[in-house]
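Q: Take a look at the letters that make up each chain.
2 protein chains.
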Amino acid sequence: MEIVNHEKFMTEAIRLATENVANGGGPFGAVIVKDGEIVSTGVNRVTANCDPTAHAEVSAIREACSSLQIFKLDGCDIYTSCEPCPMCLSAIYWAGLRHIYYGGTQQDAASIDFDDHFIYEEIALPHERRSIPSTPMMRHEAQQPFEAWRQKEDRVSY
Amino acid sequence: MEIVNHEKFMTEAIRLATENVANGGGPFGAVIVKDGEIVSTGVNRVTANCDPTAHAEVSAIREACSSLQIFKLDGCDIYTSCEPCPMCLSAIYWAGLRHIYYGGTQQDAASIDFDDHFIYEEIALPHERRSIPSTPMMRHEAQQPFEAWRQKEDRVSY
Numbered sequence: 022m023e024i025v026n027h028e029k030f031m032t033e034a035i036r037l038a039t040e041n042v043a044n045g046g047g048p049f050g051a052v053i054v055k056d057g058e059i060v061s062t063g064v065n066r067v068t069a070n071c072d073p074t075a076h077a078e079v080s081a082i083r084e085a086c087s088s089l090q091i092f093k094l095d096g097c098d099i100y101t102s103c104e105p106c107p108m109c110l111s112a113i114y115w116a117g118l119r120h121i122y123y124g125g126t127q128q129d130a131a132s133i134d135f136d137d138h139f140i141y142e143e144i145a146l147p148h149e150r151r152s153i154p155s156t157p158m159m160r161h162e163a164q165q166p167f168e169a170w171r172q173k174e175d176r177v178s179y
Numbered sequence: 022m023e024i025v026n027h028e029k030f031m032t033e034a035i036r037l038a039t040e041n042v043a044n045g046g047g048p049f050g051a052v053i054v055k056d057g058e059i060v061s062t063g064v065n066r067v068t069a070n071c072d073p074t075a076h077a078e079v080s081a082i083r084e085a086c087s088s089l090q091i092f093k094l095d096g097c098d099i100y101t102s103c104e105p106c107p108m109c110l111s112a113i114y115w116a117g118l119r120h121i122y123y124g125g126t127q128q129d130a131a132s133i134d135f136d137d138h139f140i141y142e143e144i145a146l147p148h149e150r151r152s153i154p155s156t157p158m159m160r161h162e163a164q165q166p167f168e169a170w171r172q173k174e175d176r177v178s179y
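Going down the list, the sequences are from chains A and B.
FYI, this note's numbering numbers position 80 of the first sequence as 101, with every residue one higher than the one before it.
FYI, this note's numbering numbers position 147 of the second sequence as 168, with every residue one higher than the one before it.
Check the hints yourself; a few may be wrong.
It does not matter which identical chain is used: a pair holds within one copy or between any two.
[Said to hold, decoys possible] Straight-line C-alpha distance at most 16 Å; calculated EDC-like pairs for lysine to aspartate or glutamate:
hint: 1; residue 1: 93; residue 2: 28
hint: 2; residue 1: 93; residue 2: 175
hint: 3; residue 1: 55; residue 2: 84
hint: 4; residue 1: 29; residue 2: 143
hint: 5; residue 1: 55; residue 2: 136
hint: 6; residue 1: 55; residue 2: 33
hint: 7; residue 1: 55; residue 2: 162
hint: 8; residue 1: 29; residue 2: 56
hint: 9; residue 1: 173; residue 2: 40
No lab work stands behind these hints: they were computed from the structure.
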């Protein structure tokens, strides 16, 4: 039976988060683990790198996939210093991670003005009640790429 | 008054999506527009680039921010060939985009086995009912990076 030292990995995610503040980043860190080994790490570089998607978890997922040259992280777990925002949670689903371990909560993040909770609320609303308006158009024409996809015999699905 | 040719931008997003299928990518494209000009484009390169976050909208956001050297896309609109998945919708919120125009729907995407709808459903569930298990741990220690953040006088908030 595999004995996993969860605290070791979470301690590293938290250490990365704290170190990243000193390095001009946001207070978030994550590590991805496979078979008891860290395969990637990530920290929040949104303002430092001008990339609103550079959250710790997204960055760790991108690095793990790039390093392993795969687009699904089967059998991998993520340890993140704070509960994932909806962007990161969705990225975790797309990446097919196995288990999420998290330190701080959405409420802890809100206490330092990172309001992930607002986006969770918005996603749950019907389009017409969200704060960013959303307009459907040209649905008929938009089937063209899907039709091209259906007809492509060597397509790579995921 | 600004007259915006919405169809021109959506046509380009759809064209990029179709072209991307021929180039080995997924059938999705997006353009970001500011002041009537395209500032970035993105296509789905998940399998091609081994990056589960390389959806059209996320890629367009990353490119726009990198090119303009900003981390908030105030006053920018996104035209996407298909309704954003929850990862992309959240990224659109983090980036502060102004308006979303979309072509195909979640249902259209599901018809070619891109099941964004499943992730929307999962996000809405309480942790213990989601298909990816999630375990809180070391919440006390996880306050360290947040405390470092509070104490950092030159922090860049967003």
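Q: Could you run down the list of hints and mark each one as holding or not?
A: Against the structure, the hints come out as follows:
no.	hint	verdict
1	93 x 28	neither (25 Å within a copy, 35 Å between copies)
2	93 x 175	neither (19 Å within a copy, 38 Å between copies)
3	55 x 84	within (13 Å within a copy, 31 Å between copies)
4	29 x 143	neither (35 Å within a copy, 29 Å between copies)
5	55 x 136	neither (30 Å within a copy, 26 Å between copies)
6	55 x 33	within (15 Å within a copy, 41 Å between copies)
7	55 x 162	neither (43 Å within a copy, 23 Å between copies)
8	29 x 56	within (14 Å within a copy, 49 Å between copies)
9	173 x 40	between (47 Å within a copy, 12 Å between copies)
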